[in-house]
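Protein sequences, first through last, are from chains B and A. Heads up: the first sequence at position 70 corresponds to 70 in the numbering used here, and the numbers run straight through without jumps. Heads up: the second sequence at position 71 corresponds to 1071 in the numbering used here, and the numbers run straight through without jumps.
Keep in mind the hints are simulated off the structure, nothing from the lab. The hints are all genuine.
Sample of chain B residues facing chain A (criterion: CB under 10 angstroms; computed from the structure):
{"#": "1", "residue": "8"}
{"#": "2", "residue": "10"}
{"#": "3", "residue": "12"}
{"#": "4", "residue": "47"}
{"#": "5", "residue": "51"}
{"#": "6", "residue": "62"}
{"#": "7", "residue": "70"}
{"#": "8", "residue": "71"}
According to the in silico footprint, chain B covers these stretches of chain A (three or more CB under 8 angstroms from chain B):
{"#": "9", "segment": "1012–1020"}
{"#": "10", "segment": "1025–1038"}
{"#": "11", "segment": "1142–1154"}
To give a feel for the contact side, a few chain B residues facing chain A, derived at Cβ under 8 angstroms:
{"#": "12", "residue": "7"}
{"#": "13", "residue": "11"}
{"#": "14", "residue": "15"}
{"#": "15", "residue": "17"}
{"#": "16", "residue": "42"}
{"#": "17", "residue": "43"}
{"#": "18", "residue": "46"}
{"#": "19", "residue": "55"}
{"#": "20", "residue": "58"}
{"#": "21", "residue": "69"}
{"#": "22", "residue": "73"}
{"#": "23", "residue": "74"}
{"#": "24", "residue": "77"}
Using N, Cα and C, we set each Cβ at its ideal position, and we do this for glycine too.
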Amino acid sequence: MKTERLQALMMAAVDEEISAEERAELDAALAADPELRNEWEAFRRLKEMTETMTPREAPGETWDGYWEGVYRRLERGLGWVLTSIGAIVLLVWGAWTWVQEILADTELPGFVHWAILALAAGLVVVFVSVIRERLVVRKTDPYKDIVR
Amino acid sequence: MRYMQRSYYAALGLVGSHEDALDLSQEAFARAFRACATIDPERPFFPWLYQIIRRLCFNHTRDTSSHRKKLEKSGAWLADTTMGRPPDSPERSLERAELREQVAEAIEKLNPREREVLVLREFEGLRYQEIADTVGIPIGTVMSRLYAARRSLARELVDAGVVERPEEPVEDPT
Chain B
1 MKTERLQALM
11 MAAVDEEISA
21 EERAELDAAL
31 AADPELRNEW
41 EAFRRLKEMT
51 ETMTPREAPG
61 ETWDGYWEGV
71 YRRLERGLGW
81 VLTSIGAIVL
91 LVWGAWTWVQ
101 EILADTELPG
111 FVHWAILALA
121 AGLVVVFVSV
131 IRERLVVRKT
141 DPYKDIVR
Chain A
1001 MRYMQRSYYA
1011 ALGLVGSHED
1021 ALDLSQEAFA
1031 RAFRACATID
1041 PERPFFPWLY
1051 QIIRRLCFNH
1061 TRDTSSHRKK
1071 LEKSGAWLAD
1081 TTMGRPPDSP
1091 ERSLERAELR
1101 EQVAEAIEKL
1111 NPREREVLVL
1121 REFEGLRYQE
1131 IADTVGIPIG
1141 TVMSRLYAAR
1151 RSLARELVDA
1161 GVVERPEEPV
1171 EDPT
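Construct the complete structure from the given sequences, taking the supplied hints into account.
Right, dumping it as structure tokens:
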């Protein structure tokens, strides 16, 4: 408890967010503890160093094309969504047409028809199961907003 | 727009590379635009946008095979605030450049959450309460993360020989 308090006080002092009372408390602790004094000195020196540094300025041309980059991302995102929807619709339609043709072909052995029906039913079950799981997890997962 | 540069520099502090910071801050705006229905007009915009930026940046830094980072010299994202003042001697300039590089490298080694708080304080100049509001953590956590970040940084710089190792406290014989 005491240690955490002193750590917080050192940070507040280094960043000049300390009150006069807190400063007095820190000074008393520093006077009594040489190890703490060493740590305090290290923080003070570090602050002196970082105060002379700043993030490097971005090259001038960065800002000229900045929003174009954002719009391009939005455009491409929309492009991918449309492409994905189109591809899924075409694939489903193609598969459905193919299955219908196979099922209508009376020359094929019966087990092929049954296998195709099982395959289609299996895919539907897996798809529905995955979607349901995703929806349930999204609603109930308490850690969904936690970034690892 | 006023948030453009702020977003870029927030990302730069978290990833330490110009190209990545540009990419990630632009991506954050694109995602913000797609999610604009969830903006609460009663609350400030930047902390909401910052949440998107930090997630993107944390995910990015987690990817250790980050391609661009290797191309861009480590530590190149920090500059001197003394620029514009009377020039130092060549030796002094070189010393300062080395120091800057070592500090930047030491910051890059920090845990991302500690680095985030340190960068917001030291380079964005936010006060503790502003950091707490922006990151969405209690002020006590801001201070403990800052302490952890500075302690690690000080150790790194001692190990790198940038600063002298502190003297061992002498036991009072009485």
